[in-house]
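Asks: Residues per chain are reported as follows:
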Amino acid sequence: MPAACEPGRLDAATPTPWLRGPLFDLSLIGGVLALALLLGGVAAASPALMLSVLYLDFWLLAYPHAASTYTRIAFDRASVRRHWFLLFGLPPLVFAATASVSWFGGVLALNTLYFYWQTWHYTRQSHGIARAYRRAALPGVPGHDRLSECVVFGFPTWGLLHRAHQQQGEFYASPMLTIDVPGPLVTAAGIFALGALLLWILRQRRPTRGSTPGTGHALFVLSHVAITTISYLAIDDITRGWLFINIWHNAQYLLFVWAQNARRFRGGIEPARPFLSWLCQPGQRLHYALVCLGLGGGFYFLLGHAAEQLAWSTLPMVLICHQTVNFHHYIVDSVIWRSPRGR
Amino acid sequence: MATPVDVNAPSPRSESRGITTAAMLLLAAGVGLLGLESCTQAPEGKTPAKDVKEPGKDVKVTDTKPTPEVKPEVKPEVKPTSDEPAPPPPVT
Numbered sequence: 000m001p002a003a004c005e006p007g008r009l010d011a012a013t014p015t016p017w018l019r020g021p022l023f024d025l026s027l028i029g030g031v032l033a034l035a036l037l038l039g040g041v042a043a044a045s046p047a048l049m050l051s052v053l054y055l056d057f058w059l060l061a062y063p064h065a066a067s068t069y070t071r072i073a074f075d076r077a078s079v080r081r082h083w084f085l086l087f088g089l090p091p092l093v094f095a096a097t098a099s100v101s102w103f104g105g106v107l108a109l110n111t112l113y114f115y116w117q118t119w120h121y122t123r124q125s126h127g128i129a130r131a132y133r134r135a136a137l138p139g140v141p142g143h144d145r146l147s148e149c150v151v152f153g154f155p156t157w158g159l160l161h162r163a164h165q166q167q168g169e170f171y172a173s174p175m176l177t178i179d180v181p182g183p184l185v186t187a188a189g190i191f192a193l194g195a196l197l198l199w200i201l202r203q204r205r206p207t208r209g210s211t212p213g214t215g216h217a218l219f220v221l222s223h224v225a226i227t228t229i230s231y232l233a234i235d236d237i238t239r240g241w242l243f244i245n246i247w248h249n250a251q252y253l254l255f256v257w258a259q260n261a262r263r264f265r266g267g268i269e270p271a272r273p274f275l276s277w278l279c280q281p282g283q284r285l286h287y288a289l290v291c292l293g294l295g296g297g298f299y300f301l302l303g304h305a306a307e308q309l310a311w312s313t314l315p316m317v318l319i320c321h322q323t324v325n326f327h328h329y330i331v332d333s334v335i336w337r338s339p340r341g342r
Numbered sequence: 000m001a002t003p004v005d006v007n008a009p010s011p012r013s014e015s016r017g018i019t020t021a022a023m024l025l026l027a028a029g030v031g032l033l034g035l036e037s038c039t040q041a042p043e044g045k046t047p048a049k050d051v052k053e054p055g056k057d058v059k060v061t062d063t064k065p066t067p068e069v070k071p072e073v074k075p076e077v078k079p080t081s082d083e084p085a086p087p088p089p090v091t
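The listed protein sequences derive, respectively, from chains A and B. Mapping of the first sequence onto numbering that gives the first Met the number 0: residues 0 to 342, in sequence order. Mapping of the second sequence onto numbering that gives the first Met the number 0: residues 0 to 91, in sequence order.
It cannot be assumed that every hint is accurate.
Said to hold, decoys possible - Just the calculated beta-carbon pair ranges, DEER-fashion:
hint, chain 1, residue 1, chain 2, residue 2, range
1, A, Pro91, B, Thr20, 25 to 33 Å
2, B, Gly31, A, Pro91, 28 to 36 Å
3, A, Trp277, B, Pro86, 32 to 40 Å
4, B, Gly31, A, Gln283, 25 to 33 Å
5, A, Val106, B, Gly17, 23 to 31 Å
6, A, Arg202, B, Ser37, 24 to 32 Å
7, B, Thr20, A, Gly104, 34 to 42 Å
8, B, Ser37, A, Ser51, 23 to 31 Å
9, A, Ala305, B, Gly34, 18 to 26 Å
10, A, Phe298, B, Gly31, 23 to 31 Å
Said to hold, decoys possible - Anything over 12 Å on all C-beta distances counts as not near chain B; from chain A, calculated:
hint, residue
11, Asp75
12, Gly189
13, Leu292
Quick caveat, the hints were computed from the structure, so don't treat them as lab data. Cβ atoms here follow ideal geometry from the backbone N, Cα and C, with glycine treated the same way.
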C-alpha cells in the first residue's frame, strides 16, 4: 500500500504521532512484531512445528488478509462498479501471465518471481505505512522523508543481496534462481543501510520542529528494520526467514486495513453502504474478523479443491492458481492504495 | 480515534531514550551481522570453499596385507516419506 495516507488527509489540522491511538498503534507495531518473532521463532527452532506454524499463519492471517483487500473494492455496489476491471478483468490476465511464466520457465521461474515480488510488496507496504505515520504527524508538510526511505528500502535491499550471495538455490522446497552477487556488493549495501540508520538515529536524537515525524513513525520504522534484519540476514535458511516477515506482513495488513475502514466510516452507518459501514464500526470488530476469516478460508478451500480437479500433467495448477491470487493481490494493492479512487 | 497531540512538542525524555536505545541495539546487531558476513567472505567475494583433500594424498599405508572382503551390510529398506503432507503454496 504505497501511499496509504488517509489519516493525514482527513485530520489535516490535528497532528498526531499515532494512526489511531496509542493502544491500537502499539498493537500494530509491537504486538504484530512480537507475534511474528514468537511464531517464526517456534518454526525456526523446531522443524517439526514448521508446518503447523505455516498452517496457523495461512488460515488465521494470510487468507483473511487477502480477503480484507476486497473490503476496499467489492463490498458495496459503487466500489464494484468503480473497480470492475480489478475484480473481473484482471484475474484472467494475471492467470494467463502466471501460467505462461510457468509454461516457459517452470516452477523455477514462478518461485523466483514470487520471492522477489513479495519482497517488493512487503517493502512497499512498510513504506506506505511509514508515510501514513509521517502524514499524520506532520500534516501539510509536503515532500518525502528521504532518510527514512533510505532506511526502509535499504535493509530489504541488503537482505536480498545477501540471499542472492548465499546461493541457496531453493526456496519453499522448490528451486529458485539467484543471481550470483559478489560479496563486496553485499557489504556495500550493508554499509549503506547501516549508515542510513545511524543518520536516522542522530536525527531522532535531535528532532527538528516540523520535519521529524513522531513516536509512532519511529517505532514503526524500527520494527521494519528489526523484522527485515531477522528475516533476510540473521536467519540462515531462506524459507524460515521468509516465514517471520510473512507473519508480520499479514497481521499488520489486517490491522491496518481495518483501521482505515473504521476511519472511513467513522461517521456511522452509511445508507449507500449499509453492510460495509456497519461491519467497519469499532463495535463490530469480531464480525469484521469473522467475515475476513470466513471469506478467506472459504475462498482458498474452494481454490485448492478446484485446482486439484484441474490437475494438468504439464502445469502445476495448484501453484499457478495460488500464485495468480498472490500476484493479483499485489497489483490490486498497488492500485487501490495509491489512487484516491481506492478509498 | 486518534488523540490529538502536539507532535512538535518535545517528546518525553524516557520515550526518546527508549527509541534511541532500541535503534542503537538494532544498529549494533546490523554491524555485527555485517562483520560476520564480511569475515566469511573470501577475498574474491565468495564463501571460502571447504578444504578438500585430493583423493589418495596424505593417506598413510600402514598395512599392505589385503583386507578381507567385507560383505555389504544389508540395510533395512527405508520407506519413502510420502506420508508427510506437502506444505500449501505460499500466500501473499
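Asks: Lying within 28 to 36 Å: is that true of the beta-carbon distance Gly31/B to Pro91/A?
Replies: For Gly31/B and Pro91/A the Cβ distance comes to about 49 Å; the hint is violated.
Asks: Is 23 to 31 Å respected by the C-beta to C-beta distance linking Phe298/A and Gly31/B?
Replies: violated (43 Å)
Asks: Beyond 12 Å from every Cβ of chain B: is that where the Cβ of Gly189/A lies?
Replies: Given that some Cβ of chain B is not farther than 12 Å from that of Gly189/A, nearest at about 4 Å, it is violated.
Asks: Holds or violated: is the Cβ of Leu292/A farther than 12 Å from all Cβ atoms of chain B?
Replies: Non-interface label on Leu292/A holds, nearest chain B Cβ at 14 Å vs cutoff 12 Å.
Asks: May I ask you to test the hint 25 to 33 Å on the CB atoms belonging to Gly31/B and Gln283/A?
Replies: With a Cβ separation near 46 Å, Gly31/B and Gln283/A fall outside 25 to 33 Å, so the hint is violated.
Asks: Honestly, do Trp277/A and Pro86/B meet the 32 to 40 Å range at C-beta?
Replies: Distance hint for Trp277/A, Pro86/B holds at roughly 37 Å.
Asks: Is it true that the C-beta distance of Val106/A to Gly17/B lies inside 23 to 31 Å, as the hint says?
Replies: violated (46 Å)
Asks: In terms of Cβ atoms, is chain B entirely out of 12 Å range of Asp75/A?
Replies: The claim stands: Asp75/A keeps its Cβ more than 12 Å from every Cβ of chain B (closest is about 23 Å).
Asks: Go ahead and decide if the range 25 to 33 Å is satisfied by the Cβ distance of Pro91/A to Thr20/B.
Replies: At 52 Å between Cβs, range violated.
Asks: Okay, Thr20/B versus Gly104/A on CB: inside 34 to 42 Å?
Replies: violated (47 Å)
Asks: Is the hinted range of 23 to 31 Å satisfied by the C-beta distance from Ser37/B to Ser51/A?
Replies: violated (37 Å)
Asks: Do Ala305/A and Gly34/B keep their Cβ atoms within the hinted range of 18 to 26 Å?
Replies: Check failed, 50 Å falls outside 18 to 26 Å.
In the structure shown, a violation is registered for the earlier hints numbered 1, 2, 4, 5, 7, 8, 9, 10 and 12, in ascending order.
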